[in-house]
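Asks: So the sequence lines, in the order shown, correspond to chains A and B. Mapping of the first sequence onto the numbering used here: residues 3 to 117, in sequence order. Mapping of the second sequence onto the numbering used here: residues 66 to 177, in sequence order.
Rather than coming from a laboratory, the hints here were simulated on the basis of the structure. Every value quoted in this text rests on a predicted model; they were computed, and no experiment measured them. Here a beta-carbon is modelled for each residue, glycine too, at the ideal position from N, C-alpha and C. One thing to keep in mind: the hints can contain errors.
Claimed, not checked - What follows is a list of derived Cβ distance ranges for each label pair:
#1 A/Glu19 x B/Ser144: 38 to 48 Å
#2 B/Leu145 x A/Pro41: 17 to 27 Å
#3 B/Pro105 x A/Asp28: 22 to 32 Å
#4 B/Ser144 x A/Lys5: 20 to 30 Å
#5 B/Phe104 x A/Gly42: 10 to 20 Å
#6 B/Ala131 x A/Ser10: 21 to 31 Å
#7 B/Met75 x A/Ser115: 27 to 37 Å
#8 A/Pro41 x B/Ser176: 16 to 26 Å
#9 A/Gly42 x B/Thr137: 40 to 50 Å
#10 B/Met75 x A/Ser67: 20 to 30 Å
#11 B/Glu82 x A/Pro41: 26 to 36 Å
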Amino acid sequence: DVKVTQSSRYLVKRTGEKVFLECVQDMDHENMFWYRQDPGLGLRLIYFSYDVKMKEKGDIPEGYSVSREKKERFSLILESASTNQTSMYLCASSPPTGSSNQPQHFGDGTRLSIL
Amino acid sequence: LAKTTQPISMDSYEGQEVNITCSHNNIATNDYITWYQQFPSQGPRFIIQGYKTKVTNEVASLFIPADRKSSTLSLPRVSLSDTAVYYCLVGVLNTGFQKLVFGTGTRLLVSP
Chain A
3 DVKVTQSSRY LVKRTGEKVF LECVQDMDHE NMFWYRQDPG LGLRLIYFSY DVKMKEKGDI
63 PEGYSVSREK KERFSLILES ASTNQTSMYL CASSPPTGSS NQPQHFGDGT RLSIL
Chain B
66 LAKTTQPISM DSYEGQEVNI TCSHNNIATN DYITWYQQFP SQGPRFIIQG YKTKVTNEVA
126 SLFIPADRKS STLSLPRVSL SDTAVYYCLV GVLNTGFQKL VFGTGTRLLV SP
């Protein structure tokens with residue numbers, strides 16, 4: 003069974019801090035994703051990566067960056083945290099896209115609060 | 066980019082069939098339709114995916130009309146454990162090009 007593990011379930015940081023959210027998957031998936039989930043807005047894609055050191059911007063990349071140095075690990079970085087980045091962050095992975103979209107496997111999320 | 070619209074909430078009783086519809090009027094030719102289920106404090110979990118017509122698996126059916134402008138997730142004989150938020154996802158993922166649009170979710174409450 004695919005397991006996507008996010009390093010923290012809850013995180014509290016201060017405005018202006020540099021914040022790292024870590025995600026590890028154990029199924030050798032090529033694709034990895036970072037979403038944020040907010041009430042009334044559903045899930046919005048921040049970044050995705052289709053291979054080591056490769057990344058693509060999603061719908062809301064502003065204020066975020068990502069790092070993928072190893073296939074199993076995908077990090078989301080808040081360069082200078084702001085209160086409007088308080089949210090639930092979800093990581094996901096999937097096999098490479100072939101003739102159809104591959105289902106994504108999600109972690110259980112990190113609830114980040116920026117004070 | 067496809068925009069998806071779902072009802073905010075639905076109520077049902079145990080044993081009933083539940084149909085949740087997602088509207089995606091500007092779906093593109095290559096887009097797939099995927100449904101996910103999410104319980105509190107957990108990440109979404111894949112339920113079913115389709116491109117056109119009908120798809121059925123052990124937990125649900127997905128109905129997609131010929132124009133593909135909407136899709137309906139059908140849950141047969143729901144139980145209390147089906148209480149969750151259901152999301153439709155429309156889009157396609159290709160290297161160098163992606164457009165994945167989640168709906169805002171439908172909160173399903175199943176009562177005894």
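Asks: Are the hints correct? Go through all of them and say.
Replies: Structure-based check of each hint:
no. : hint                           : in the structure
1   : A/Glu19 x B/Ser144: 38 to 48 Å : holds, 44 Å
2   : B/Leu145 x A/Pro41: 17 to 27 Å : holds, 24 Å
3   : B/Pro105 x A/Asp28: 22 to 32 Å : holds, 24 Å
4   : B/Ser144 x A/Lys5: 20 to 30 Å  : holds, 26 Å
5   : B/Phe104 x A/Gly42: 10 to 20 Å : holds, 19 Å
6   : B/Ala131 x A/Ser10: 21 to 31 Å : violated, 46 Å
7   : B/Met75 x A/Ser115: 27 to 37 Å : holds, 31 Å
8   : A/Pro41 x B/Ser176: 16 to 26 Å : holds, 23 Å
9   : A/Gly42 x B/Thr137: 40 to 50 Å : violated, 23 Å
10  : B/Met75 x A/Ser67: 20 to 30 Å  : violated, 39 Å
11  : B/Glu82 x A/Pro41: 26 to 36 Å  : holds, 28 Å
The structure fails hints 6, 9, 10 (numbered hints given earlier, in ascending order).
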